[in-house]
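A.B. asks: If you read the sequences in order, they're chains A and B. Numbered per this note's numbering, the first sequence spans residues 1 to 475. Numbered per this note's numbering, the second sequence spans residues 1001 to 1446.
Just so you know, not all the hints are guaranteed correct.
[What the hints assert, rightly or not] When the alpha-carbon atoms are kept at most 27 angstroms apart in a straight line, the in silico DSSO-like pairs for lysine-lysine are as follows:
id: 1; chain 1: B; residue 1: K1016; chain 2: B; residue 2: K1080
id: 2; chain 1: A; residue 1: K18; chain 2: B; residue 2: K1206
id: 3; chain 1: A; residue 1: K138; chain 2: B; residue 2: K1311
id: 4; chain 1: B; residue 1: K1307; chain 2: A; residue 2: K212
id: 5; chain 1: A; residue 1: K412; chain 2: A; residue 2: K386
id: 6; chain 1: A; residue 1: K115; chain 2: A; residue 2: K212
id: 7; chain 1: B; residue 1: K1307; chain 2: A; residue 2: K129
id: 8; chain 1: B; residue 1: K1312; chain 2: A; residue 2: K79
id: 9; chain 1: A; residue 1: K57; chain 2: B; residue 2: K1206
id: 10; chain 1: B; residue 1: K1307; chain 2: A; residue 2: K259
id: 11; chain 1: A; residue 1: K79; chain 2: B; residue 2: K1311
id: 12; chain 1: A; residue 1: K57; chain 2: A; residue 2: K293
id: 13; chain 1: A; residue 1: K79; chain 2: B; residue 2: K1344
Just so you know, the hints here were simulated from the structure itself, not pulled from any lab data.
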Amino acid sequence: MEFEVVIGLEVHVQLNTKTKMFCSCPTSFAQRQNINTCPTCLALPGALPVVNSEAVKKAMMFGYAINAKINERSVFNRKNYFYPDLPKGYQISQFEIPIVENGYLFIDTQEEKRKIGITRAHLEEDAGKNIHEGAVSKVDLNRAGTPLLEIVSEPDIRSSDEAVAYLKKLHAIVRYLDISDANMQEGSFRCDANVSIRPKGDDRLYTRVEIKNLNSFRFIQKAIDYEVQRHIEAWEEGVYESEVVQETRLFDADRGVTKSMRGKEESADYRYFPDPDLLPVVIPQEFFEEASKIPELPDEKEERFIKEYGIGRYNAALIAGSKEMADFFEKMLSYGIDAKNAVSWLTVELAARLNKSGKDIVDSPVCAERLAKLVQRIEDKTISNKAAKDVLDYLFEHEAEVDEAIEKLGLKQISDAGAIAAIIDEILSANEDKVAEYKNGKEKLFGFFVGQVMKASKGKADPQLVNRLLKERLG
Amino acid sequence: MITLKEAMKLNKEELKEIVSDIKTRVQKSDINAYISLDEGFEGVPVAIKDNIQVKGWNVTCGSKILQGYVAPYDATVIVKMKEAGLAPFGRTNMDEFAMGSSTETSYYGKTLNPKDKSRVPGGSSGGSAAAVAAKEAIAALGSDTGGSIRQPAAFCGIVGMKPTYGRVSRYGLAAYGSSLDQIGPMTQNVEDAAILYDIISGYDPKDSTSARIENPGVSKSLNPDRKFKIGIVPSYIKDASSEVQKAYDKAISILQKEGHTIKEVSLMDARYDIASYYITAMAEASTNLSRYDGVRYGFRAESENLKQMYKKTRSEGFGEEVKRRILLGTFVLSSGYYDAYYIKAQKLRNLIKSEYEKVFSKVDLILSPVAPTVAFEFGSKKTPLEMYLSDVYTIGVNLSGLPAISLPVDEHQGLPVGLQFIAGAFEEQKLFDAALGLERALDSQN
Ligand SMILES: [Zn+2]
Chain A
1 MEFEVVIGLE
11 VHVQLNTKTK
21 MFCSCPTSFA
31 QRQNINTCPT
41 CLALPGALPV
51 VNSEAVKKAM
61 MFGYAINAKI
71 NERSVFNRKN
81 YFYPDLPKGY
91 QISQFEIPIV
101 ENGYLFIDTQ
111 EEKRKIGITR
121 AHLEEDAGKN
131 IHEGAVSKVD
141 LNRAGTPLLE
151 IVSEPDIRSS
161 DEAVAYLKKL
171 HAIVRYLDIS
181 DANMQEGSFR
191 CDANVSIRPK
201 GDDRLYTRVE
211 IKNLNSFRFI
221 QKAIDYEVQR
231 HIEAWEEGVY
241 ESEVVQETRL
251 FDADRGVTKS
261 MRGKEESADY
271 RYFPDPDLLP
281 VVIPQEFFEE
291 ASKIPELPDE
301 KEERFIKEYG
311 IGRYNAALIA
321 GSKEMADFFE
331 KMLSYGIDAK
341 NAVSWLTVEL
351 AARLNKSGKD
361 IVDSPVCAER
371 LAKLVQRIED
381 KTISNKAAKD
391 VLDYLFEHEA
401 EVDEAIEKLG
411 LKQISDAGAI
421 AAIIDEILSA
431 NEDKVAEYKN
441 GKEKLFGFFV
451 GQVMKASKGK
461 ADPQLVNRLL
471 KERLG
Chain B
1001 MITLKEAMKL
1011 NKEELKEIVS
1021 DIKTRVQKSD
1031 INAYISLDEG
1041 FEGVPVAIKD
1051 NIQVKGWNVT
1061 CGSKILQGYV
1071 APYDATVIVK
1081 MKEAGLAPFG
1091 RTNMDEFAMG
1101 SSTETSYYGK
1111 TLNPKDKSRV
1121 PGGSSGGSAA
1131 AVAAKEAIAA
1141 LGSDTGGSIR
1151 QPAAFCGIVG
1161 MKPTYGRVSR
1171 YGLAAYGSSL
1181 DQIGPMTQNV
1191 EDAAILYDII
1201 SGYDPKDSTS
1211 ARIENPGVSK
1221 SLNPDRKFKI
1231 GIVPSYIKDA
1241 SSEVQKAYDK
1251 AISILQKEGH
1261 TIKEVSLMDA
1271 RYDIASYYIT
1281 AMAEASTNLS
1291 RYDGVRYGFR
1301 AESENLKQMY
1311 KKTRSEGFGE
1321 EVKRRILLGT
1331 FVLSSGYYDA
1341 YYIKAQKLRN
1351 LIKSEYEKVF
1361 SKVDLILSPV
1371 APTVAFEFGS
1381 KKTPLEMYLS
1391 DVYTIGVNLS
1401 GLPAISLPVD
1411 EHQGLPVGLQ
1421 FIAGAFEEQK
1431 LFDAALGLER
1441 ALDSQN
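The task is simple: from the sequences and hints, build the whole structure.
C.D. replies: Written as structure tokens, this is what we have:
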């Protein structure tokens, strides 16, 4: 039997506001535990929440970016449960009326662009952290009350590849909007996946399993693949009903498997009700004007790259897919270099070196200005393409200007026709027999002469010039 | 006892003397109005209900679960009081977490009614009311969720005022029912109540439910000669005791003599108020009190594991009435019951609110009893429900967010009988003017 995979994703994005969701404590990194706290986020008697309007604006910007409906009036609810990292004994979150509803984005699949629906995005507050030290457990509330935007997709995703593509697009969007640092390792971009399967052609939704604790794109892919396989095997072995139950599972990255958290979530009744400490949020008109001014987004940028610079869709999507990459690229172009050269030096040469050293584009030892300069030196024939790779290697390891590095490595290309002609004459006179053979029709020898000239110039001769001048000499 | 108005004119030395007089009187007293005589501030001493945060004080809400907790910040009303030259002085006793109508549920013992020590002072602000009535305080702050200022004021024979919801910041008031709670003045007379109300009221950005409207103050423009259209509710009165009915009739005839227009109005059966109120208050309370979990502050029971810590801390830390209300509140919010109870109660609440709005399109004020009886004897309410029903005249005001003031109108065998004026939202000036007029007329009679 052929199966179809049905995936819905819930992403928690920590908003990069200056202060917390309901108090004026900073959200910045704190040197010590429980430093960024106040009566409100410690849930002291009598303390009250006040909605952070910066968080509201950032949520609205996201709404505009995904073409969603932004509710002028939304409601904060209390989600009640006891846990030491939850000081009030309830989380303030939006339930019935979220701030953002009914949006969508496009993902690139191998065949086409696919539209993935986004059911809702709502504001809520993060919990603190429990720290377990042997027999003792401690609570750090520095993170408690940090604003979160929970983004819930429709069950429109059909494979783990699509899930990753969706997450990457979402990640790019929040980075472009600069509403979150979206750092997966640090937990400011967290994902839960709802996975189920169904026989192809069946419209019904089958048992949905929620996978938590997915903190990298790679893990998400692995976890989904594992879970889908588990469902299919259970189906084929006739134990689907007993093996696949609606539950929450944790991904164990070390063993590459998902494990049941049975019992922990199912029985919970959160007793949602409107928080009487917060009146419904009614967004002032000026917020709509402000928040609607969103920057260029990945899809628009991709189209513009294609149109404006004439680069291919694959590369345009690759570069526009990351704000940092796109910024780097456009910075390079601002030095007047050819777009195609910029693309290959960024996406091939620099990317390979970054990849190898495990670095991110933002930590690149070679900045956009230097990489552009390097390309410039190829374009003005100061160095050859091949020599430029050595220069880049050097720049990757050393703090130096491009021209300095070229000088230091002695890779300056010889583009002086006179100098090259002199080398050619030397080579030709040292190989008179071969010149004769060539002239008798053994044209294959042309390559031999080029090689000899290049060798004699220690690779610095401009190959095009060598070709032209050789042809002239050999008639 | 010197009035608040007079005390505010005294110098430091004179105030010191007053404070030491109060201390002596409290030490000699057996009514247990105060949990503790906390001090530490300069100015005119004002007693503070034990659920209002005063920086450096061990504010407990009358509960074991907050034993030893020291508030690290001042409630907004305390900040305003200090700015006006008033000094928080002494934590007054109260029903645990303001849940009660008799101050019997305090972990720190019951407070006696100074007019008759076999009777309750009312509640939940029973300590504040008893302290003012027994001349153990010049004035006090209370909080009113379903009558907790007005009913003890009536039982002890003082003035108690509940402001419009949103008029006084709730920041720093340990929450019971967040959509109902208001802090208000409890004083010896109407003018003092107006003065203290002016000091504590006003918009506060720290409280999202605080009303962002002009707050001109009432005490400077008090006018006891203003004439009003006053609504009376005959259908309400039939269930009140004869002494309350007598006081009601007396007030009506005085008001008529004073030139006010009396007009009969009708309101929905007050039994609906009880149902809507208790569901709403308990639902909110059940989650407001979740923060008392033994993790960060206050009482924590020794336990083997986390679940046991929650269970033991809350089982041992809360009293019976608080636990009852948390359980009922949890129940009405549970899935499967939420629509039948909580949602229905909110619909009812809107209906009650609109009933009051209709009435206030016809009259300026409503005159109403505060409680069905005078102060009752300790232990005379046999069931919790009997106790809940005694709030019948006060809770409609909280459900509708309206201002009201309770003042002593009559006496029955030495026990005060209080009545209340209710006004439309943010019509505090009318409330105080009418109350001042009635107070003056009553004084001239005696
Ligand atoms: Zn805080």
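A.B. asks: State for each hint whether it applies.
C.D. replies: Cross-check of the supplied hints:
no., hint, in the structure
1, B:K1016 with B:K1080, "21 angstroms, holds"
2, A:K18 with B:K1206, "18 angstroms, holds"
3, A:K138 with B:K1311, "19 angstroms, holds"
4, B:K1307 with A:K212, "23 angstroms, holds"
5, A:K412 with A:K386, "12 angstroms, holds"
6, A:K115 with A:K212, "24 angstroms, holds"
7, B:K1307 with A:K129, "18 angstroms, holds"
8, B:K1312 with A:K79, "23 angstroms, holds"
9, A:K57 with B:K1206, "20 angstroms, holds"
10, B:K1307 with A:K259, "23 angstroms, holds"
11, A:K79 with B:K1311, "20 angstroms, holds"
12, A:K57 with A:K293, "11 angstroms, holds"
13, A:K79 with B:K1344, "20 angstroms, holds"
Checked against the numbered hints given earlier, the structure satisfies every one of them.
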